[in-house]
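J.: As you go down the protein sequences, you meet chains P and Z in turn.
Residue numbering for the first sequence follows our numbering, beginning at 1 and increasing consecutively.
Residue numbering for the second sequence follows our numbering, beginning at 1 and increasing consecutively.
It is worth saying that the hints were derived from the structure and are not from the lab.
All values derive from a computational prediction rather than experimental measurement.
DSS-like mimics (lysine-lysine), calculated; alpha carbons at most 27 Å apart, straight line:
1) K34/P / K119/Z
2) K80/Z / K174/P
3) K136/P / K119/Z
4) K80/Z / K136/P
A short list of chain P residues far from chain Z (calculated; beta carbon distances all over 10 Å):
5) L19
6) K34
7) A41
8) D42
9) R46
10) E74
11) R109
12) L111
13) T116
14) E119
15) E126
16) P154
17) G156
18) S160
19) D167
20) R177
All residues carry an ideal CB built from backbone N, CA and C; glycine is no exception.
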Amino acid sequence: MLGVGAYRTRSRPALGAVLPVPISEMTWQLTDEKNQRVRPADWIDRPVMVFFGFTWCPDVCPTTLSDISLWLEELGAEADRLIVALISVDPERDTPDALAAYVGNFDPRILGLTGTADEVARAASEFRVTYRRVDKDDGDYTMDHTAGVFLFYPDGRFASIIDFHDDRRFAVPKIRRTLS
Amino acid sequence: MKHLLLAATLSLTASAALACETVTLGDLSVEHGWSKVTIGAGRPGVFYVSISNVGATDDALVGISTPAAGMPMLHETVVKDGVASMPHAMSIPVPAGQSVQLSPGGYHGMLMGLTAALKEGDSFPVTLSFEKAGEVTVNVEVLSLRAEGPDCADAGQ
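Chain P with its partners taken away, still in its complex shape (with noise of 0.2 Å):
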């Protein structure tokens, strides 16, 4: 546990506020659709690729879904030991009962991930991703967020970000060269 803080306390200034900390400095711990705990040190040596979003979104979050299920199908069994994770930036509404409704329409290879506001706030700074909360009149809420997929090697460094307007075409070469 020292080792850890030591590392990243070295290792945050240097980095700044852009690049997202390698998944092997990560200290998040979330809980996944089957109500299982994640942390990071259970993605060790699989490439990773993560995008932040929550259900109650209508267009950007089932879009990137569907864009990332057709990336997975297009790479077939060698997407097999991906980690792929939809982190929700929305944990009061997602449940881990209600991401799992809703990732269950998409590649099962998705996990969704939630946790405490405390717990969700801590992964969305490690991966420096920005999300905030906008009232509508009607008592309603709906979320801004960073809205780019994450990618990763498997030694845990930061490898790319997929843009939500990037062409497709250009996805599936950026996620293939994490898998190697």
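Following the hints, complete the assembly by docking chain Z onto the known chain P.
T.: Coordinates of chain Z only, in the frame set by chain P:
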């Protein structure tokens, strides 16, 4: 088995045809009205459509209404510095001689206050209000959450 297959084929054909209907209103034509499945009625639904204006006068989509939702609104997904937000769109321009898509990742209708969950294969009417041309109603087909649009033979983008 054979009957099941046949039924499946028929329903696919029928639903594809619904979303592919073109409705015209003066110089405007409206087609490919589609939506996505929702999980329950608490989450908002979405509405996508293609509008083309073959006339010489600019118009604008200024509102939508539907019996399927208590509060349908026009929104635009905007990604700025990597962060997606969905501001309310007061009006979506439909310039003369151009077509406009309400499509994933851009302009869309947000259907809040759904009267019932949207299920795959359902359809519901949406009335579009234009600044100049007036109102027109299209049938909207509910596709899966994974759908990227209706599969119309003439949908070549």
